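J.: Chain by chain, the residues:
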Amino acid sequence: MEPLWIEAFRYHKWANLHLLDVCLKLAPEQLHLTAPGTYGTIAGTWHHLVGAEQRYLARLLGSEVLVNERDAFPGLEVLKDHAARNGDLLIEAAVRITPDDVIETKFEGETSQLHLGIVIIQALHHGNDHRTHICSILGHHQISYGDMDVWAYGDATGAIVPIGGS
Amino acid sequence: MGPVLIEAFRYNRWANLHLLDVCAKLTDEQLRLTSPGTFGTIAATLTHMLAAEQRYLWRFGGYEPELKEQDGFPGVASLREHAAGSGDRFIAEAARLNDGNAGEAKLREGETRAPLAMIFVQALHHGNDHRTHICTILGHHGIPYGDMDVWAYGEAVGAYQAPPEA
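Protein chains in written order, with my numbering: chain B, 1 to 166; chain G, 167 to 332.
No lab work stands behind these hints, which were simulated from the structure alone. On a predicted model such as this, the values are computed, not experimentally measured, just so you know. Glycine is no exception: its CB is placed at the ideal position from the N, C-alpha and C atoms. Any given hint might turn out to be false.
Said to hold, decoys possible - Between beta-carbon pairs, the in silico distance windows are: (1) B:Asn-68 x G:Gly-206: 31 to 41 Å; (2) G:Gly-276 x B:Asn-68: 46 to 56 Å; (3) G:Gly-305 x B:Gly-164: 44 to 54 Å; (4) G:Lys-234 x B:Asp-71: 45 to 55 Å.
Using the sequences and the hints, build the whole thing.
T.: Set out below in structure tokens:
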């Protein structure tokens, strides 16, 4: 039987791709929009979100980091490809990792020990946090982004069905 | 650490209480602050977030919601008690149903049904989403709210630490 939390990572991938599809329809100048109290521009937030996912995956699975916020914005088509791959790898990590396993990691020049369970929950939190920032920016500028909560995911994937349905 | 699902709900409880402790220091006027693109005021967002948690728990059975948005804002101290209680109940449900088929819940006035895994995932998403809204409002108005990502949680619970000096 599959652990229940795998569904959280399937949702995570779906929500990233849904919101990237919304943002792919924006004009280049709209990607520079922001809103008070959020992380930054839409483009900057996506770049950070996808780059951070790859850093989490490097800790979880040893995969390669290909997106870095210090590089020029690669465009949303490129980020969407990375987000799809990141999403699959996070689902794989959710199946494979042992939460109590400890790794040594460097952060801001200091070596720390952390449990892999913390890394994978941070990946979920971080994606959710920055997607909400992007939705706040879109909402602030009256740009609709559709339903993207877990009910919408359930409808899209057929997990929510009519009573009496198959 | 426990399994990822349980740890994710421990983080959810910790983050709710952290943010409620921040909001407990705000004036009544500050609790009515909002920011473009978010859900509403800080007070309304906290009330909605925790009332929704109770409705999610109701779907697991054996629990009756006590908090409703239409009754108005009951104060941060009261919401903190509700958050601690619903946080504990989610952790218990996650422990009870962690490994395997958790069954189904009825949604939308009984017209649809979904795996209980969806309720867990929506509860995590919804809390994260609205905490981010509140942090956006606080950030917009220059009110600090401290570190409340999963790294901060890991430090608080001892799952993320500097290794001992060699």
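J.: Against each hint, give a clear statement of whether it holds in the structure.
T.: Outcome of the hint check:
no.: 1; hint: B:Asn-68 x G:Gly-206: 31 to 41 Å; verdict: holds (36 Å)
no.: 2; hint: G:Gly-276 x B:Asn-68: 46 to 56 Å; verdict: holds (49 Å)
no.: 3; hint: G:Gly-305 x B:Gly-164: 44 to 54 Å; verdict: holds (47 Å)
no.: 4; hint: G:Lys-234 x B:Asp-71: 45 to 55 Å; verdict: holds (49 Å)
The structure shown violates none of the earlier numbered hints.
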